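2 protein chains.
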Amino acid sequence: MKPVKVYDTTLRDGCQAEHVALSVEDKLRVARRLDDLGVAYIEGGWPNETNPRDQEFFQRARDEKWTTAALAAFGSTRRGGIAPEDDSNLQQLLASQAPVITIFGKSWDLHVTEVLRVSCDENLRMIEDSVAFLKSQGREVIFDAEHFFDGYQADCEYALETLWAATRGGADWLVPCDTNGGTMPLQLQDIMQVVADEFDLPLGIHAHDDAGMAAANTVIAVQCGVEMIQGTVNGYGERVGNANLCTIIPDVELKLGRRCLPEGNLAKLTALSHYVSEIANLPHNDRLPYVGASAFAHKGGMHVDAVLKTPDSFEHIPPETVGNERRILVSDYAGRSTVLHKLQKLWPQLKRDDPIVKQLLAEVKQREYDGYAYEAAEASLELLAQRLQRTLPELFKLHGFRVIVEKHEENGQPYAEATIKLEVNGATLHTAAEGTGPVHALDQALRKALTEKYPALAKLQLTDFKVRVLDTTRGTATTVRVLIETTDGEKTWGTVGAHENIIEASWQALVDSLIYGLQRQIAKGQDSSDSPPGSNHIPPTSAETDS
Amino acid sequence: MKPVKVYDTTLRDGCQAEHVALSVEDKLRVARRLDDLGVAYIEGGWPNETNPRDQEFFQRARDEKWTTAALAAFGSTRRGGIAPEDDSNLQQLLASQAPVITIFGKSWDLHVTEVLRVSCDENLRMIEDSVAFLKSQGREVIFDAEHFFDGYQADCEYALETLWAATRGGADWLVPCDTNGGTMPLQLQDIMQVVADEFDLPLGIHAHDDAGMAAANTVIAVQCGVEMIQGTVNGYGERVGNANLCTIIPDVELKLGRRCLPEGNLAKLTALSHYVSEIANLPHNDRLPYVGASAFAHKGGMHVDAVLKTPDSFEHIPPETVGNERRILVSDYAGRSTVLHKLQKLWPQLKRDDPIVKQLLAEVKQREYDGYAYEAAEASLELLAQRLQRTLPELFKLHGFRVIVEKHEENGQPYAEATIKLEVNGATLHTAAEGTGPVHALDQALRKALTEKYPALAKLQLTDFKVRVLDTTRGTATTVRVLIETTDGEKTWGTVGAHENIIEASWQALVDSLIYGLQRQIAKGQDSSDSPPGSNHIPPTSAETDS
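Chains as they are written, first to last, in my numbering: chain A, 1 to 547; chain B, 1 to 547.
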């Protein structure tokens, strides 16, 4: 079976998504990663005078070396009533010097008469002329038949006529598009089968997800004989989005058994997905198929038990195939095997019947009842185990803290201050700091007190701070859970605190985050100051959250 | 054509999602909304001794009146080697008094031998016995055939045998499940067709989204004759999630033309989707099909132009069909029509060119940029409009507050105290109160100061308190949004505050919640104490959040 070509339009259709805006430099970085992944085409944008950013992209992209990917410039057919060589849009596509030009034309008569406001015959000439002109300039030409499936249902003959027009013009590819994303899979199958029977040219598919069908429609099109799949990384795109390449590439490779990427490259997919969301400055969706952080996360006690016995019992593919990994979530749905699995990752020599396992299980269960959650706080779980085993060195001893928030007059700005008194190696430290809020003030004061003794603290940076109110029926008197994520630049870890007092909950998570980080620094011997007593007993740390 | 029944499992499978944890009260609130939407079944949980929360749910749900929905309790078949009446799991299902019991059994021989570790024959007896026993107790019994599609591909005869066992037991429904979510649509169609041909019992479908196919598989199953669709609100569920009811209900109603909900109720879907994400305290995904904020948002210049000429040119359905709305994004921070739409809901007589609209739009835009969100805080929006119009009476004047949290020694309990100084009708009130945490202390002090002047305050009860950290990249120095929900027993309203200081954000939401409630009480003339100045200018209040 021939491989299926991947056509990425993250840099064009993806940038039409709400919240997505990429600079030229961003686009180049994404393009390099796509080339490294091994896609066949990268649609860089619509280069014309209203999109100077896209013009610049093609200009700069010319100087780069592309290994697997060909760059494609996107644009519309010529305007009605003029010759293609007089159309500034087509001229600008050529000026981009992209080796591939993707031209879209209208396949739905509604659009021809209501939006373009030209005759149906003129529309056919616009398609044929434009394709022929671009071919005469030596480019590979892909014809995107916009609204093809809606058009087919409105007037099937006319929709097919538009494909014939592109064929007569010499197009290299015909790509029926489900532009509004409303076509149902079996409907798409029927129509695609007609197209595949009628045309000899290679076909592609461009699907949108407005009805949740983009992935299904893409897979079914491939089963009808389509050889090019268009989509975007993470499914970014106009409205709900496009077919997500991070879903459809593994679907086609692993479920249909058709190669899309050079061998071995599928395992780069999860990292690529995170990379693009970082560049776009959007949170990565944990629940994306294949590449999401939750895609192989197991929480239900029975599921966990089964997955540990037989991984494929609750996993449709091995997570490493797409560069992802299995995660066992410790939560109140979890049974003994969940906690044991976690502990064994920390201490591989640990046996199921070790008394510490039983003790820790009871402790975790009680703490989850009290509001703690260890799903995203593996560092706190590890410290809890160390505390139970009494192997955790005391980096400092708290004598007390006080947090004050004051406000004067209705429209006055509030003022937050924290004081803290600690003992480190016998020395008493008593200091104070301001902050934007009470937790920030406490964080500042704690760091201020400890930094002299532990300069490695400066390496630790809080990257996430989440607050969740539990049992909301009790209003402001309810328990609060605080999750903190911290990094030292190499690794990221999560910690948790829970209490009816939000300051206390934050304090717990904060202290855990710093102790865990300091232990890491001390274990690496990178801390040049005096080590705390007992630091030689620290077991190797291994809790890891994906960053 | 018969209507298709909707079976919701948000409260069971949905709660197996990472980050989703609902209290009993949360579950009841979600269930009431699902009943209002008009689903046929609500799966409340798995009531047994390891899930006391689910037991409590069924106990409390018994006292409620359910209009369209029947409650279903979920559990497994009996254990191997014992009689069904001796199985504590089945007994606890009966004890829940749910009229419907959904029992899952293994349809994949791998699971039978590797996970359950019983013989294939015993598994068939376990299914038949368990169903027959539950039927003998007068319940409607739904058989969920776990891993049916994977099982069918491993051993089609055995998979079908498990359905026959349930049929012999007297099951009312057979529901093949794509538990691992890896089945491709055309593959599912082939298998579902076999099942539909072989069995006379009504069929259902339960799909997971691990390969992005949950919606497609559900729709195709309906096209094969299935009469029950299982799913969760927003697709929350184990790993990647379940079929999203907010996608599949409109797919089946609008694309297949089969009714799922009572007439007119489809338009409640967008609000329901937001409501459940608020209850779960998870951000609502803008890119959900049909119900996401971006689902009908147009950014591309040509799309906007076309949509204004002919709405269905780039919209597969009219947004109002599902209770959503079109948004034209003039910039990345748009939402102008959203605000106008909200204002017109509050004051239907309001004209687009009223100067207050322009002023309020600008104010709301600025405030949303600063972190406020009025989606679930219409009371705050209404007060904001009154403040701009200067029609809001001043119930009190703040001179200042101070909140202190102290802790002594590492394991000591923290102490929270608030002092507050206010002026009411010229009299200065200066008082203090303790609380479980800083916000509770502030709440107590404020009530203590005001109750003498406004005894109606005693009627107001805070029912929900949510904290969301925005821009998580800034650690503890980030902006915090606080949402408070309050009731006076007749009506429930939401208020919002946002600030880098969580105490200040809570204060804003708290003050709004009490002012809004007091206005209501005063307007009803139920407050026997002296009215504040200007109370006769209070416009009728109309903001309502669904409770």
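Treat the hints as calculated values from the structure; they're not laboratory data. Incorrect hints may have been included.
With the C-beta cut set under 8 angstroms, the calculated list includes, among others, these residues of chain B facing chain A [as the list claims (entries may be wrong)]:
#	residue
1	Leu110
2	Glu114
3	Arg168
4	Gly212
5	His284
6	Ala297
7	Thr436
Quantities reported herein were computed from a predicted structural model and do not represent experimental measurements. Note that the Cβ used here is the ideal one computed from N, Cα and C, for glycine as well.
Are there hints from earlier that the structure breaks, and if so, what are their numbers? Failing hints, ascending: 3 and 5.
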